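Chain A is fixed; fit chain B onto it per the hints.
Heads up: the sequence lines are chains A and B, in that order.
If you count by this note's numbering, then the first sequence holds residues 1 to 117, one letter each, in order.
If you count by this note's numbering, then the second sequence holds residues 1 to 233, one letter each, in order.
The set of hints was computed from the structure by calculation and includes no laboratory data.
Hints may be right or wrong, so weigh each one.
As the list claims (entries may be wrong) - Computed footprint of chain B on chain A; a stretch qualifies when at least three of its residues, placed anywhere within it, have a C-beta under 8 Å from a C-beta of chain B:
#, region
1, 27 to 34
2, 74 to 84
3, 88 to 96
4, 99 to 109
None of these values were measured; they are calculated from a predicted model.
Even for Gly, the Cβ is constructed at its ideal location relative to N, Cα and C.
Listed here are the chains, written in short residue letters.
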Amino acid sequence: MKANRKVEGLGFRVQVSRPGIQAFYLKALLMVLVVFAGFAAYADVPPPKNTVQDTTLKVGGGESIGNTYGQPVEMATGMRSSGKIYVVVAVLSMILMGLFIYLFTLDKKISKLEKEK
Amino acid sequence: MAIQHWPTSMMKLSWWKILSIVCLLYAVIGGFLLPVPAKPIVNESIRNLYYHVPMWFSMMIMFFTSVVYAIKYLRNGKLVEDIYAHRFAQTGMVLGILGITTGAMWATFTWGEPWSNDIKQILAAIALLIYAAYFILRGSITDIDKRARVSAVYNIFACAMLFPTLFIIPRMYESLHPGGEGNPAIGRSDVDPKMRLVFWIAVLGWTLLGVWISTLHIRLQKIADKNILNESK
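So here's chain B without its partners, still in its complex pose:
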């Protein structure tokens, strides 16, 4: 039923879901066809900036959203907040894994090997491992309330660890990554003005897609747990 009418019923989607679709299509079409500066080492693969970097940006936004819900859970003790925190962290993890694998692929052709023990590679991997432990921790606790509480506290720790691993330590060492002197990809001199617009649209598109996928998970989980959720109210 949904499929037969998809062109018209797709217009019934929330505006931000449509915006996500438009942004991502723009990121692919504009990302491949619009001009980019000719730079050595990266050559044409400079276009990966439109696809690799937005993974990290949207991952950070997912993780920060997750910690907001974790704090909300600790404040009001509603299990529904725990569902939000868990699912946003999950989407963030997927985006992070995509970021690190696309980074390794890009590095193979620019730096000569997939893993050069670059400071940003190592610390990004550490950040992801910290979040991996979040899911292991969740999975190991069967009591629902305890699981929610322990994982909310751990979520705050994991989010706090994003600051040294992704933002502070990488700025203190030389890196193969560009933009180490300032704020990578945000700084004025890092990204050519020609590329900045497609880049930010790609970030917006991937972030909204991440939110879309997370909300699907959240809604499904709410249906599955509706008995528990009603009790805890």
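Here chain A stands alone, though its shape is the one from the complex:
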């Protein structure tokens, strides 16, 4: 029978019979929590209107550069409606994932070197 193991770093002790699987689920749960926790922030926020609420624009010396209240603010709505924004997000996520895999392999190699000594 496998001994109970502490899942390290989570700050609490979890009794596990199959450490690998349990740790996997804990990590997966943590990921889901982090990803979806963000949506709580939008629970009561109405969709953005493309008008200016901020009327106190200042430049270097502090003088106002004019009241722009009510003027529509140009946002990249075209990129959003055409769906091209997803291409940008996909490319950036891919680059990030590549960076992480690279770091991960470096991590592995250094672990191996540490074991050798």
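Below, chain B without anything else, positioned relative to chain A:
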């Protein structure tokens, strides 16, 4: 060997490394797709808050971590503390350079030129130059113990200079940067509540990534210097 099994063996990574990956992916996906307030001058580039500002936040955390190890070195004289201080400062420097270049890029499109001699731009550059001198100082001393001691003392000075350059003087002058009246990006009124969550997750993600990269450097340096480290014990 590592690559073939990466989806499963990646789960063996420490939880905070996985958290860093998740936070940064969230910062990119949420940062581009979640709604932001429509503001003049910045327009859609307001999303740069998720990427430019976390560079500075994580840089400060790296520098403060570095000075903690510098003080530890001065207290116990263990060379391993010097390795920690050096490598954390190095990662902080990389993040700072990324912060200042992304800031210049953002400024080109919002303030009209990459460098407007804004008080925060100048002082951030000064802070980075002070840290640049830290690496030059280290590089110029060949004696290991002397290098560790001198650079630990300088590290404390460099860290102390962060307070006037990044925290005190910028609050005394008008700046093109928003949030000059309070604590930039932390103050309640500076960052729209819609943006605050993605922003803080991005800060956490970049900080953890910085720690990850620093620890890789530290572990490698420990292997390279293992003879010296064993002697000094």
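How the hints compare with the structure:
no. : hint      : in the structure
1   : 27 to 34  : holds (count 4)
2   : 74 to 84  : holds (count 3)
3   : 88 to 96  : holds (count 5)
4   : 99 to 109 : holds (count 9)
Figure legend: structure checked against the earlier numbered hints; every hint is met.
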